[in-house]
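S.K.: Here is what each chain is made of, one letter per residue.
2 protein chains.
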Amino acid sequence: MHISELDTPALLLDLDVMERNIARMADYCRKSNIGLRPHIKTHKIPAIAQRQIAAGAIGITAAKPSEAVIMAEGGIRDILIAYPIVSSAKAETLASLLAKDVNISVSIDSPEAAKCLAAAAHRAGLTIALLVEIDVGFGRCGVAGPEQAVALAAAISRLPGARFGGLMYYPGHLFVKPPEQDRLIKDVDEKVEAAYAALITAGFEVPVVSGGSSPTALRSTEFTHLTEIRPGMYPLNDRNLVEGGFARTEDCALTVLTTVVSTAVAGRAIVDGGSKTFSSDRHLTGDGRGFGLILGDPDALFYNLSEEHGHLDIQESAASYKVGQTVRVVPNHVCTTINMHDAIYAVRGDQVKDIWQVAARGCVR
Amino acid sequence: MHISELDTPALLLDLDVMERNIARMADYCRKSNIGLRPHIKTHKIPAIAQRQIAAGAIGITAAKPSEAVIMAEGGIRDILIAYPIVSSAKAETLASLLAKDVNISVSIDSPEAAKCLAAAAHRAGLTIALLVEIDVGFGRCGVAGPEQAVALAAAISRLPGARFGGLMYYPGHLFVKPPEQDRLIKDVDEKVEAAYAALITAGFEVPVVSGGSSPTALRSTEFTHLTEIRPGMYPLNDRNLVEGGFARTEDCALTVLTTVVSTAVAGRAIVDGGSKTFSSDRHLTGDGRGFGLILGDPDALFYNLSEEHGHLDIQESAASYKVGQTVRVVPNHVCTTINMHDAIYAVRGDQVKDIWQVAARGCVR
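Heads up: the protein sequence lines correspond to chains A and B, in order.
In terms of this note's numbering, the first sequence has 201 at position 42, counting the first letter as 1, and numbering is strictly consecutive.
In terms of this note's numbering, the second sequence has 272 at position 113, counting the first letter as 1, and numbering is strictly consecutive.
There could be a bad hint or two in this list.
Below, computed lysine to aspartate or glutamate pairings styled on DMTMM-like, alpha-carbon distance capped at 25 Å [unchecked claim]: (1) A/Lys481 <-> A/Asp456; (2) B/Lys350 <-> A/Asp472; (3) A/Lys274 <-> B/Asp166; (4) B/Lys274 <-> A/Glu409; (5) A/Lys481 <-> B/Asp166; (6) A/Lys274 <-> B/Glu164; (7) B/Lys481 <-> A/Glu251; (8) A/Lys481 <-> B/Glu306; (9) B/Lys481 <-> A/Glu271; (10) B/Lys274 <-> A/Asp175; (11) B/Lys259 <-> A/Asp166; (12) A/Lys481 <-> B/Glu271.
Everything labelled a hint here was simulated from the structure, so no lab data went into it.
Isolated chain A (complex conformation):
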């Protein structure tokens, strides 16, 4: 089927671009001797996770246990839950995956989470690996420093059903360009080194140091002790990564096919995708304006969103916008865009090759 036959809005995933992106990151990690554990929150599609594993990823990362269930059903056997799990329902879900020989580990930052997860694993007669999350400056989750990391590792070690699995951190504040990024890499590295050294001094083995993020993935060799990284967006990329300098427009595998539905207001073209198609995530890099990049027309500004309307300002554009014509858009944030949709169209060139359900969409628990 040709993409012109699709009703809109529709998500198009360019398989050639995605395969190139997956191969590039897998090659980098292989050469760097760093494990690649991609975060599947970006796509939530087992078929993509399978391709990441086939290219050499050692396992995947998920945020919520319900996502892990979908991925395990899709054949993924090694899953890090990079999220502090503190509910017994979720801990039971994870224990049941462990019982099916899925290698589950979880990063945590509190004794409450450790107890909850250990208890569920212990009830199933199993042991779960718990990584201690440290805050490296993002200020979201993670214990404050080496002393707290050692205390939590010790608490984990005392719990039947749990074992200390290593260190985890998320450098979410490194979505900035050099030289600011250079300075922050050094700062993160000092914090990780301090926690690592304190754990070794306290007699712990630290088999895993899990870090990384999309904007730092290709600089992973600059981080000491790192054994694996968890980038999510690299197979697909998006406008924030492009305008942040971390990808090129031609590396963006996911675009949104929309149709112009109104040009009645002077200087405006309205397309049939709004916040329920793109999400309302802001532009975090570049000039901060707009909700997507209009392919082929950099002079059009996607300046506003209603729920089902995308508002384009075409006053500076020389292009023609006619009711009924299609417009392809690179979204600001690919993770939240895909999460809006039940399915995406996998394409090569202009041909639809497959329809993939976004199987883990809506897995908030």
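Position chain B relative to chain A; hints supplied.
M.R.: Positioned in the frame of chain A, the structure of chain B alone reads:
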């Protein structure tokens, strides 16, 4: 089941509050002799639309034909598509609903949309009512003025399969407080009056004038010629309506039940709902800060969102935030929040009475 037994994040819909809200708007419209045609994009749940109809609504509004299909399956027989439909696939969907005796009308602002919809209806041997949308100052869709409205009404009248059904407008820019709102109501009314008068002068009957929005619904009698209104949010309300002065906190029927998952970073509490639970819609009223109102703790600021993390700043709060405890949040924007979820819990007090699927979630086409 008690709500404390629910895993989180979970959407709770307070039936008592919703029933009061539905009754209040229905009473207002009945006394004002104005038809109530609620927009179901807010909830996307047939069970709620049925309650709105039972309370006296004359029909519903939807944005996308796929939403209309779900609502028709839920027993709704009169649906205005308040969205310019320009694709033949969507026009066929609407014609097939018409063929099942669902009273479908569509608001449009271009001859292209008129031709597309008329052609599909005509192929089915039917006639579809097309309303002409006029721009009353929001600057999104809608023809520019009386002359264009008359021209489009004339174009509709010439098409086999279509009939001119009246005027439609959306006063989206009136989400402001008096006295600014007073001034804008007068301005909107002058624009509607001009288009209405021109149509009458040109010999058209204007059986329907469809307007209204949540923040203007209870001022509908101040608009001339209005025959029906299309508020969406009134059954549920949200933080934007509360802080805009259009509802009280106790009128908010929908809250998000979350759990504190981390307090490791000083001055912060992280809850287990982020942009994939709340949407990332901004706070449009009040001081513009934050992503939700923490019930019972106005001193906590929901200052940031990750995809699965809600970041609370609790530095100014006297309340205690412990890992594992639940926090109930009124979201900024109820429509985009519900759209993130497969199901919501209908509660009375602390008891779960029903689980409703968000049946039209993901209906972007």
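S.K.: Going back to the hint list, which numbers does this structure go against?
M.R.: 4, 5, 10
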